[in-house]
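Throw the hints in and build the complete structure from the sequences for me.
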Amino acid sequence: DARVTQTPRHKVTEMGQEVTMRCQPILGHNTVFWYRQTMMQGLELLAYFRNRAPLDDSGMPKDRFSAEMPDATLATLKIQPSEPRDSAVYFCASGLFRVPPDTQYFGPGTRLTVL
Amino acid sequence: SQQGEEDPQALSIQEGENATMNCSYKTSINNLQWYRQNSGRGLVHLILIRSNEREKHSGRLRVTLDTSKKSSSLLITASRAADTASYFCATDARAQKLVFGQGTRLTINP
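In order, the protein sequences belong to chains A and B.
Just so you know, we're using my numbering here: the first sequence kicks off at 1 and counts up by one.
Just so you know, we're using my numbering here: the second sequence kicks off at 1 and counts up by one.
Keep in mind that the hints are not guaranteed to be accurate.
What the hints assert, rightly or not - Computed cross-link-like contacts, BS3-like style, restricted to lysine-lysine with a CA-CA straight-line distance of at most 30 Å:
id: 1; chain 1: A; residue 1: 62; chain 2: B; residue 2: 69
id: 2; chain 1: B; residue 1: 69; chain 2: B; residue 2: 97
id: 3; chain 1: B; residue 1: 97; chain 2: B; residue 2: 56
id: 4; chain 1: A; residue 1: 11; chain 2: B; residue 2: 97
id: 5; chain 1: A; residue 1: 78; chain 2: B; residue 2: 97
id: 6; chain 1: B; residue 1: 97; chain 2: B; residue 2: 26
id: 7; chain 1: B; residue 1: 97; chain 2: B; residue 2: 70
id: 8; chain 1: A; residue 1: 62; chain 2: B; residue 2: 70
id: 9; chain 1: A; residue 1: 62; chain 2: A; residue 2: 11
Worth flagging that the hints you see were computed from the coordinates, not collected in a lab.
Listed below in structure tokens is the structure:
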């Protein structure tokens with residue numbers, strides 16, 4: 001049963017610390033998305049990759065957030081330095097690149113709390 | 001603002017009843033998707049309906065799409081406690097990205 005996995009599932013850190021979240025997309029999927037979910041803003045797209053290349057990261061605060069795909073099996077989202085307003089659940093999703101876009105498969109999320 | 005907006009924001013019904021949620025969007029779409037999110041979990045894809053389709057079924061789910069009104073509805077028949085979740089519509093209006101609505105929180109009371 002292929003699934004998107006994310007680590008860690010929970011992270012509590014102090015303001016100013018670096019946070020790295022990892023995602024393993026479903027094998028064979030060539031598109032990876034990072035979302036952030038909060039009560040106030042709902043589900044926001046931060047960035048997405050196709051064949052490991054960043055296609056759009058316009059939803060991401062550039063000064064502190066960065067997203068990469070070192071290889072086809074790993075996507076990372078890094079926040080440095082973290083701030084309390086970054087507290088949210090961060091989801092990774094993967095899928096096959098289609099026009100128009102097709103089904104996305106979500107991971108369980110990383111719940112981040114910045115104190 | 002969000003492309004897709006669900007209505008109602010919250011819905012509470014008795015087990016066995018039908019639940020209907022609506023989604024409205026602003027611009028033309030190629031397809032519309034519905035997802036479910038159980039508390040503390042990631043979103044799970046339920047159904048995709050294309051712009052040239054008017055109705056689609058999957059088990060106890062029925063989705064309709066009215067492109068003239070820019071709206072879609074999700075009907076869950078014979079609801080069960082396990083259907084308690086948040087339901088989101090997602091549209092593809094922005095390039096190849098999906099844009100999600102704020103969701104409808106559905107509670108099924110035993």
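Here is what the structure says about each hint:
1. 62(A) to 69(B): Violated, because 37 Å separates the two Cα atoms, which is more than 30 Å.
2. 69(B) to 97(B): Holds. Residue 69(B) to residue 97(B) sits at ~22 Å (cutoff 30 Å).
3. 97(B) to 56(B): This hinted pair holds, its Cα atoms lying about 23 Å apart.
4. 11(A) to 97(B): Given that 30 Å is the threshold and the Cα spacing comes to 28 Å, the pair holds.
5. 78(A) to 97(B): holds, 21 Å
6. 97(B) to 26(B): Roughly 15 Å separates the two Cα atoms, so the pair holds.
7. 97(B) to 70(B): The hint holds at about 18 Å.
8. 62(A) to 70(B): Violated, because 34 Å separates the two Cα atoms, which is more than 30 Å.
9. 62(A) to 11(A): holds, 21 Å
Of the numbered hints given earlier, the model fails hints 1, 8; all others are met.
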